[in-house]
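Student: Let's have the full structure, built from the sequences with the hints guiding it.
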Amino acid sequence: KNQVEQSPQSLIILEGKNCTLQCNYTVSPFSNLRWYKQDTGRGPVSLTIMTFSENTKSNGRYTATLDADTKQSSLHITASQLSDSASYICVVTNTGGFKTIFGAGTRLFVKA
Amino acid sequence: NAGVTQTPKFRILKIGQSMTLQCTQDMNHNYMYWYRQDPGMGLKLIYYSVGAGITDKGEVPNGYNVSRSTTEDFPLRLELAAPSQTSVYFCASSYYGTSGTSTDTQYFGPGTRLTVL
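Line by line, the protein sequences give chains A and B.
Going by this note's numbering, the first residue of the first sequence is number 6, and it counts up by one from there.
Going by this note's numbering, the first residue of the second sequence is number -6, and it counts up by one from there.
Possibly wrong hints are sitting among the right ones.
[Unchecked claim] Heads up, simulated DSS-like pairs for lysine-lysine below, C-alpha to C-alpha not over 25 Å straight-line:
hint : chain 1 : residue 1 : chain 2 : residue 2
1    : A       : K6        : B       : K37
2    : A       : K104      : B       : K50
3    : B       : K37       : A       : K76
[As the list claims (entries may be wrong)] Per label pair, the in silico range of CB-to-CB distance:
hint : chain 1 : residue 1 : chain 2 : residue 2 : range
4    : A       : K22       : B       : Q10       : 44 to 54 Å
5    : A       : Q86       : B       : P32       : 19 to 29 Å
6    : A       : L19       : B       : D66       : 44 to 54 Å
7    : B       : I8        : A       : N7        : 29 to 39 Å
The hints are simulated quantities; they were obtained by calculation from the structure and are not laboratory data.
Every residue, glycine too, gets a C-beta built ideally from N, C-alpha and C.
Tutor: Right under this line is the structure:
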């Protein structure tokens, strides 16, 4: 069964600290993996996208990694800011068929 | 560009009522999607369209209908509202090229919060 699981479910960190969010998937055959940021009351916004051959992708303070062998991805946030408080969603798409699976997200709270 | 716009932002329906959620994009994207997001759950695909005149069911299509008469518009119709359809609805669009490898990024609207009582 195609699934995307994210951990932790929620996370509280202090402003300025780093954090890492995890994503495990069983979607097959794999096409690409994306991380989205969703602010409260808003639609998701794309942060990074990685295909099978890519194992790291950065977007400012956000760095995503992908291990296609173990089917794991992580999103590392450096020097967190209050504006990083949001849900972070891992999304995996398969090839061939039109199948995109969304994880339930990690809710990040950054406190001053 | 306004991107993806959705109306209304909020709506309360009574059981059995009907309504249409509007979605418009001005990026000339060929793919459009409708999702629902329930609390603590991942987005679920309701319907999608790969171009004007072409629509197909997603993961949770029951109770909904769509049409795609133009590239820009992709309305979602609820015919007989039920409490189980209480959710936040997101419309999204993307451009899918013909290179064979999909790296399309979906652009989302702000969402419509629907409550069925």
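Student: Look at each hint and say if it fits the structure.
Tutor: Evaluation of the provided hints:
A threshold of 25 Å between alpha carbons decides the hint, and for K6 (chain A) with K37 (chain B) the separation of about 15 Å falls inside it, so the pair holds. Note on K104 (chain A) and K50 (chain B): the hinted pairing holds, with a Cα-Cα distance of about 11 Å set against a maximum of 25 Å. With a CA separation close to 21 Å, the supplied pair K37 (chain B) and K76 (chain A) stays within the 25 Å bound. Judged by the Cβ atoms, the range 44 to 54 Å given for K22 (chain A) and Q10 (chain B) holds: they are separated by roughly 48 Å.
Between Q86 (chain A) and P32 (chain B), the C-beta spacing of about 26 Å keeps the proposed range 19 to 29 Å intact. A hinted range of 44 to 54 Å for the beta carbons of L19 (chain A) and D66 (chain B) is consistent with their spacing of about 45 Å. With their beta carbons about 33 Å apart, I8 (chain B) and N7 (chain A) fall inside the hinted range of 29 to 39 Å.
Violation of the numbered hints given earlier is absent; every hint is satisfied by the structure.
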